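Student: These are the residues of each chain, in order.
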Amino acid sequence: MASENDDPACKRWPHRIYGVGNEPDPRFTLANERTFLAWIRTALALMAAGVGVEALNAAAGTGPDPLRTSLAVLLLLAGVVCSIAAFGRWMTMERALRTNSPLPPPKLAPILGFGLGVIGLAALVLLLISGF
Amino acid sequence: MGSEVPDERHGPWDPGLQIERTTLAWLRTGLTFVVGLMVLLRLLVHRSAVAAAVCAAVTIPLAVAITVLSWSRHRQAERRLRADDPLPDGVLHASFTASAVLAGVVGTVYVLLM
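Those protein sequences? They're chains S and Z, same order as listed. Numbering (our numbering) for the first sequence: 2 to 133. Numbering (our numbering) for the second sequence: 35 to 148.
What the hints contain is simulated information worked out from the structure, not anything from laboratory work. Treat the numbers as computed from the prediction; the structure is a model and nothing was measured. One or more of the hints may lead you astray.
[To be verified] With a Cα cut of at most 25 Å, we get these calculated DMTMM-like pairs of lysine to aspartate or glutamate:
hint, chain 1, residue 1, chain 2, residue 2
1, S, Lys12, Z, Asp119
2, S, Lys12, Z, Glu112
3, S, Lys12, S, Asp26
4, S, Lys12, S, Glu24
5, S, Lys12, Z, Asp123
6, S, Lys12, Z, Asp118
Using the sequences and the accompanying hints, generate a full structural model.
Tutor: Right, dumping it as structure tokens:
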């Protein structure tokens with residue numbers, strides 16, 4: 002738990018995190034790591050959903066439907082945003098752990114929750130009006 | 035807290051098996067990459083065998099590298115904790131993020147072109 006800032010062996014990247022504060026309890030660092038990975042898996046699941054919607058386009062054999070294509074692109078871009086945000090949040094959290102300051106609330110979680118709700122409703126409407 | 039824990043100062047040796055859980059999370063995420071990759075390649079083969087082969091040649095070594103790096107990170111974390119050194123840094127986090135962004139871009143290009 003010693004301060005490692007002056008240690009020349011401690012050339013850890015990114016400096017924006019490791020240049021401040023003290024080493025936190027390793028358990029907290031590892032938990033933060035697992036949370037980051039959970040967000041990355043969520044991002045990959047969003048992308049998989051996008052590719053899945055596009056596969057319906059391919060399976061229909063009637064040419065691409067613009068509604069399906071836009072839903073697929075929306076899901077894929079949401080996945081990209083989610084993975085970038087995951088890294089940003091991991092950095093913020095690790096910094097907060099090192100400086101012993103309170104953890105900021107998750108900004109992405111409510112957006113993702115409501116966003117997925119809206120996408121689910123849109124998919125339901127698509128299903129009802131066009132058989133998807 | 036079990037009294038047989040070797041050293042109480044070292045949090046990760048508590049009954050929570052922190053390093054194992056974290057390594058499994060890394061491997062699970064790597065596996066998700068591999069599965070997603072296979073689905074995408076399977077879809078691409080229908081459209082263009084050449085595109086699928088190029089995509090496979092680029093991404094399969096990437097997926098293997100991710101898995102190997104996740105495992106070596108596990109050993110590094112074990113070693114450092116035993117030596118009371120700080121844990122590994124954020125390079126692998128950035129690599130995973132970059133791979134996920136790459137996957138999203140490839141997927142978007144696929145959807146827009148097909």
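Student: Determine for every hint whether it applies to the structure shown.
Tutor: A quick look at each hint next to the structure:
Between Lys12 (chain S) and Asp119 (chain Z), the direct Cα distance comes to roughly 12 Å. Compliance with the 25 Å bound is thereby established for this hinted pair. In summary, the hint linking Lys12 (chain S) to Glu112 (chain Z) is supported, as the alpha carbons are separated by about 19 Å, within the 25 Å threshold. Of the pairs offered as hints, the one joining Lys12 (chain S) and Asp26 (chain S) holds, with about 19 Å between alpha carbons and a cut-off of 25 Å not exceeded. Among the hinted pairs, Lys12 (chain S) with Glu24 (chain S) is consistent with the structure: their alpha-carbon atoms are about 14 Å apart, no more than 25 Å.
Between the alpha carbons of Lys12 (chain S) and Asp123 (chain Z) the distance comes to roughly 9 Å, so the proposed pair stays at or under 25 Å and holds. The suggested pairing of Lys12 (chain S) with Asp118 (chain Z) holds, with an alpha-carbon distance near 16 Å, which does not exceed 25 Å.
Of the numbered hints listed earlier, not one is contradicted by the structure.
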